[in-house]
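Enquirer: Guided by the hints, dock chain B onto chain A, whose structure is given.
2 protein chains.
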Amino acid sequence: MKAIILFGHGARDSRWREPFDRLADLWRVRQSGVPVELAFLEMMQPTIEDAVASLVSQGATQITVVPVFFGQGGHLRNDFPVLLDACKSKYPAIALSATPAVGEDLAVLQAIVDFGARAL
Amino acid sequence: MKAIILFGHGARDSRWREPFDRLADLWRVRQSGVPVELAFLEMMQPTIEDAVASLVSQGATQITVVPVFFGQGGHLRNDFPVLLDACKSKYPAIALSATPAVGEDLAVLQAIVDFGARAL
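Going line by line, the protein sequences match chains A and B.
Each residue of the first sequence is one higher than the one before, starting from 1 at the first, in the working numbering.
Each residue of the second sequence is one higher than the one before, starting from 121 at the first, in the working numbering.
Bound-form chain A, shown alone:
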């Protein structure tokens, strides 16, 4: 069974995660057959490893991690692969992969341009 993890940075202010909660809710509406969990790099829970454990307990065998970041800096180039490798070691029977950051996607950038244009 396929599943997805939407992976964000995390922040001290709990309100920061509101769009991530909405994103997961939207996923559940649009992709109801594919379980989703949020995960955060720091300052918020759950971790990627916790999210993987939750999805595996729901029967997931193929998990895709989507980094909900704009740019690919040190967090995604250095910290994230270490976290992902730790999960792969812990769950060798699970096919665990990651996409590029969502900021790499032209349609995401186009949606941001459209949002700015509507605000003019």
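Keep in mind that the hints were calculated from the coordinates and are not lab data.
In this text the structure is predicted, and so the values were computed from the model without any measurement.
Where a beta carbon is used, it is the ideal one built from N, C-alpha and C, also for glycine.
Do not take every clue at face value.
[Stated by the list, open to error] Short derived list, chain A residues pointing at chain B, Cβ under 10 Å:
{"hint": "1", "residue": "R12"}
{"hint": "2", "residue": "E42"}
{"hint": "3", "residue": "T64"}
{"hint": "4", "residue": "N78"}
{"hint": "5", "residue": "K90"}
{"hint": "6", "residue": "R118"}
[Said to hold, decoys possible] Computed list of chain A residues with no C-beta within reach of chain B, every gap over 10 Å:
{"hint": "7", "residue": "W27"}
{"hint": "8", "residue": "Q45"}
{"hint": "9", "residue": "P46"}
{"hint": "10", "residue": "E49"}
{"hint": "11", "residue": "D50"}
{"hint": "12", "residue": "A53"}
{"hint": "13", "residue": "G59"}
{"hint": "14", "residue": "P81"}
{"hint": "15", "residue": "L83"}
{"hint": "16", "residue": "A86"}
{"hint": "17", "residue": "K88"}
{"hint": "18", "residue": "S89"}
{"hint": "19", "residue": "Y91"}
{"hint": "20", "residue": "V108"}
{"hint": "21", "residue": "L120"}
Expert: Coordinates of chain B only, in the frame set by chain A:
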């Protein structure tokens, strides 16, 4: 004349800004009559004040700042209003406003869901 500032966090790794450069390029293609500048909170240049100065020198009189952030935490709730107010004080003749973070926009969230769904 209207203009726009796309405001990001900034990062140590210069490659982090690549999607921001693409975002500004996309803006120039789609909204060619509306000058655009990037600006960053920290670790990257220019600042919001530098970006405002550049747009004013190009003839801008109404500037909209779009925070290219997902969540609205301390950076947007505390740091950003101070920076914006400093610009308003320095340029009282310029109509300077800001939108919510792009993560508040449903179409942006939908584009992220679509990106994740294509990766399954």
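Enquirer: Determine for every hint whether it applies to the structure shown.
Expert: Status of the hints after comparison with the structure:
1. R12: With Cβ-Cβ at 6 Å, under 10 Å, it holds.
2. E42: violated (12 Å)
3. T64: holds (5 Å)
4. N78: With a minimum Cβ separation of about 9 Å from chain B (threshold 10 Å), the hint on N78 of chain A holds.
5. K90: Not OK, violated: K90 of chain A not within 10 Å of chain B, min 22 Å.
6. R118: It holds, given that the least Cβ distance between R118 of chain A and chain B is near 9 Å, below 10 Å.
7. W27: violated (5 Å)
8. Q45: Given that every Cβ of chain B is farther than 10 Å from that of Q45 of chain A, nearest at about 15 Å, it holds.
9. P46: holds (16 Å)
10. E49: holds (20 Å)
11. D50: Holds, because the least Cβ-Cβ distance between D50 of chain A and chain B comes to about 19 Å, which exceeds 10 Å.
12. A53: Since the minimum Cβ distance to chain B is about 20 Å, A53 of chain A lies beyond 10 Å and the statement holds.
13. G59: holds (15 Å)
14. P81: Answer for P81 of chain A: holds, closest chain B Cβ roughly 14 Å.
15. L83: holds (17 Å)
16. A86: holds (21 Å)
17. K88: The claim holds: K88 of chain A sits with its nearest Cβ about 17 Å from chain B, beyond 10 Å.
18. S89: The assertion about S89 of chain A holds, with a minimum of 23 Å to chain B.
19. Y91: holds (18 Å)
20. V108: violated (4 Å)
21. L120: Incorrect as stated: the minimum Cβ-Cβ distance to chain B is 5 Å, not above 10 Å.
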